[in-house]
Amino acid sequence: SGINAEYGHPGVFAAGDVCHIPWSCSENWKQMRLWTQALQQGFYLARTMAAADDDDNSLGPDISFEMFTHSTKLFGFKVILLGRYHEWEGCECYFRITSGVEYIKLVVSNGRVQGAQLIGETDLEEVMENLILNQLDISQLGESILDPNVDIDDYFD
Numbered sequence: 001s002g003i004n005a006e007y008g009h010p011g012v013f014a015a016g017d018v019c020h021i022p023w024s025c026s027e028n029w030k031q032m033r034l035w036t037q038a039l040q041q042g043f044y045l046a047r048t049m050a051a052a053d054d055d056d057n058s059l060g061p062d063i064s065f066e067m068f069t070h071s072t073k074l075f076g077f078k079v080i081l082l083g084r085y086h087e088w089e090g091c092e093c094y095f096r097i098t099s100g101v102e103y104i105k106l107v108v109s110n111g112r113v114q115g116a117q118l119i120g121e122t123d124l125e126e127v128m129e130n131l132i133l134n135q136l137d138i139s140q141l142g143e144s145i146l147d148p149n150v151d152i153d154d155y156f157d
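Here the working numbering is used: the first residue of the sequence shown is 1, the next is one more, and so on.
Be aware that a few hints might be false.
Unchecked claim - Cβ pair distances, simulated, as ranges: (1) Ser144 - Ala46: 43 to 53 Å; (2) Asp151 - Phe75: 25 to 35 Å; (3) Asp147 - Glu125: 30 to 40 Å; (4) Asp151 - Ala38: 31 to 41 Å.
The set of hints was computed from the structure by calculation and includes no laboratory data.
Heads up, the beta-carbon is just placed ideally off N, CA and C, and yes, glycines get one too.
Please take these sequences and the hints and turn them into a complete structure.
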């Protein structure tokens with residue numbers, strides 16, 4: 001069902017830090033009050049406002065809210081956070097660390113990638129995004145999914 005984006009009063013709408021997103025359309029998305037999420041909320045809000053006069057203004061969340069994504073640079077390294085990138089009880093974490101070059105952490109639950117931290121030029125962003133969204137079972141690969149001698153792009157991208 002749709003979300004009423006009006007902020008306390010009819011005709012007053014809000015997006016960004018002042019808002020709490022009440023839906024949970026995906027376990028792999030969470031609100032972190034980042035400017036990129038404020039932008040996504042703004043686009044959603046514009047569609048909500050445009051549909052406000054329609055009889056059926058039940059706009060649900062779009063693709064922007066399927067998976068948490070964030071990218072930045074830190075100390076000259078590209079940093080990509082995807083999905084549920086923090087470990088929790090019952091999950092497994094796979095790592096590939098090349099000192100001064102890259103840090104890769106996958107969070108896996110029930111044989112499926114739930115989140116990733118990619119630091120450096122890993123070129124794994126799209127592959128990990130696809131694995132998280134498609135929930136493909138990687139249990140037969142285990143930690144070898146991060147073997148740098150295996151081009152997982154050929155299999156999962």
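Hint by hint, here is what the structure shows:
no.: 1; hint: Ser144 - Ala46: 43 to 53 Å; in the structure: holds, 45 Å
no.: 2; hint: Asp151 - Phe75: 25 to 35 Å; in the structure: holds, 28 Å
no.: 3; hint: Asp147 - Glu125: 30 to 40 Å; in the structure: violated, 18 Å
no.: 4; hint: Asp151 - Ala38: 31 to 41 Å; in the structure: holds, 37 Å
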